[in-house]
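Peer 1: Sequence:
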Amino acid sequence: MGKISKKTKLLIADRAQHCCEYCLSQAKFSPDYFSIEHIIPSIKQGSDQISNLAYACLACNNHKFTATDSLDPLTGLEAQLYHPRQDEWNLHFRWNENLSILVGISPTGRATIERLCLNREAVVNLRSLLAAVGKHPPF
1 MGKISKKTKL
11 LIADRAQHCC
21 EYCLSQAKFS
31 PDYFSIEHII
41 PSIKQGSDQI
51 SNLAYACLAC
61 NNHKFTATDS
71 LDPLTGLEAQ
81 LYHPRQDEWN
91 LHFRWNENLS
101 ILVGISPTGR
111 ATIERLCLNR
121 EAVVNLRSLL
131 AAVGKHPPF
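In this text, residue positions in the sequence shown follow full-length UniProt numbering: the first is 1, and each later residue adds one.
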């Protein structure tokens, strides 16, 4: 990836409402750094176009790495990972009753939760605390 301008970084963060586009952690409450990542990695011919860039927390970015698909833990079959520009979030994920755990409702949702560890202990704890004070889910 070439150098991304501050203006482009801000555009991508604003588009994501300053939330990780995978785990929905809010940058203003997260101890992790956030970065701009390639949805389709450069190594797999992904472009540097804004349509291929996502705002991601460090943990999600590291867990995703260069993956674009992973195994659905329910079926054991290969499934595409969630693509923030092409997929509709509500078709793949929902919150559990106390809003702390993401539940995959499609092969893509389940594979993404598993591969990116979207229900990491720290993020689940943060979601619980934020939900208790009305700050989660972010939208």
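Don't take each hint at face value.
To be verified - When the alpha-carbon atoms are kept at most 30 Å apart in a straight line, the in silico DSSO-like pairs for lysine-lysine are as follows:
#: 1; residue 1: K44; residue 2: K135
#: 2; residue 1: K44; residue 2: K9
#: 3; residue 1: K6; residue 2: K135
#: 4; residue 1: K3; residue 2: K44
#: 5; residue 1: K7; residue 2: K135
#: 6; residue 1: K6; residue 2: K28
#: 7; residue 1: K28; residue 2: K9
#: 8; residue 1: K44; residue 2: K6
Unchecked claim - Label pairs and their calculated CB-CB ranges:
#: 9; residue 1: V133; residue 2: T68; range: 35 to 45 Å
#: 10; residue 1: I40; residue 2: V103; range: 35 to 45 Å
#: 11; residue 1: Y33; residue 2: S5; range: 34 to 44 Å
#: 12; residue 1: L77; residue 2: V133; range: 35 to 45 Å
#: 13; residue 1: W95; residue 2: K6; range: 28 to 38 Å
#: 14; residue 1: E121; residue 2: Q17; range: 16 to 26 Å
#: 15; residue 1: K135; residue 2: W89; range: 12 to 22 Å
#: 16; residue 1: Q45; residue 2: I4; range: 36 to 46 Å
#: 17; residue 1: P73; residue 2: W95; range: 16 to 26 Å
#: 18; residue 1: S5; residue 2: G76; range: 19 to 29 Å
Worth flagging that the hints you see were computed from the coordinates, not collected in a lab. The beta-carbon is built from N, C-alpha and C at its ideal position, and this holds for glycine as well.
Peer 1: Hint says 35 to 45 Å; check whether the CB-CB distance for I40 and V103 agrees.
Peer 2: Violated - the Cβ-Cβ distance for I40 and V103, about 26 Å, lies outside 35 to 45 Å.
Peer 1: Mind checking the alpha carbons of K28 and K9 for me, to see if they're no more than 30 Å apart?
Peer 2: The hint holds at about 16 Å.
Peer 1: Evaluate the given range 16 to 26 Å for the C-beta pair formed by P73 and W95.
Peer 2: Given a distance of about 19 Å, which is inside 16 to 26 Å, the answer is holds.
Peer 1: Does the hinted range 35 to 45 Å hold for L77 and V133 at CB?
Peer 2: The hint (35 to 45 Å, Cβ to Cβ) holds, given that L77 and V133 are roughly 40 Å apart.
Peer 1: Has the hinted range 35 to 45 Å been met by the Cβ atoms of V133 and T68?
Peer 2: 36 Å, holds
Peer 1: Determine whether the Cβ-Cβ distance between K135 and W89 falls within the hinted range of 12 to 22 Å.
Peer 2: 19 Å, holds
Peer 1: Between K3 and K44, is the straight-line Cα distance small enough, at 30 Å or below?
Peer 2: It holds: about 19 Å lies between the C-alpha atoms, which stays within 30 Å.
Peer 1: Using the Cβ atoms, figure out if W95 sits within 28 to 38 Å of K6.
Peer 2: 33 Å, holds
Peer 1: Holds or violated: are the alpha carbons of K6 and K28 at most 30 Å from each other?
Peer 2: The hint holds at about 18 Å.
Peer 1: Check the hint pairing K44 with K135 against an upper bound of 30 Å on the C-alpha distance.
Peer 2: Not OK: K44 and K135 at ~37 Å, beyond 30 Å, violated.
Peer 1: Going straight from one Cα to the other, do K6 and K135 come out at no more than 30 Å?
Peer 2: Roughly 27 Å separates the two Cα atoms, so the pair holds.
Peer 1: Indicate whether the distance between the beta carbons of E121 and Q17 respects the range 16 to 26 Å.
Peer 2: 24 Å, holds
Comparing the model with each numbered hint stated earlier shows that hints 1, 10, 11, 16 and 18 do not hold.
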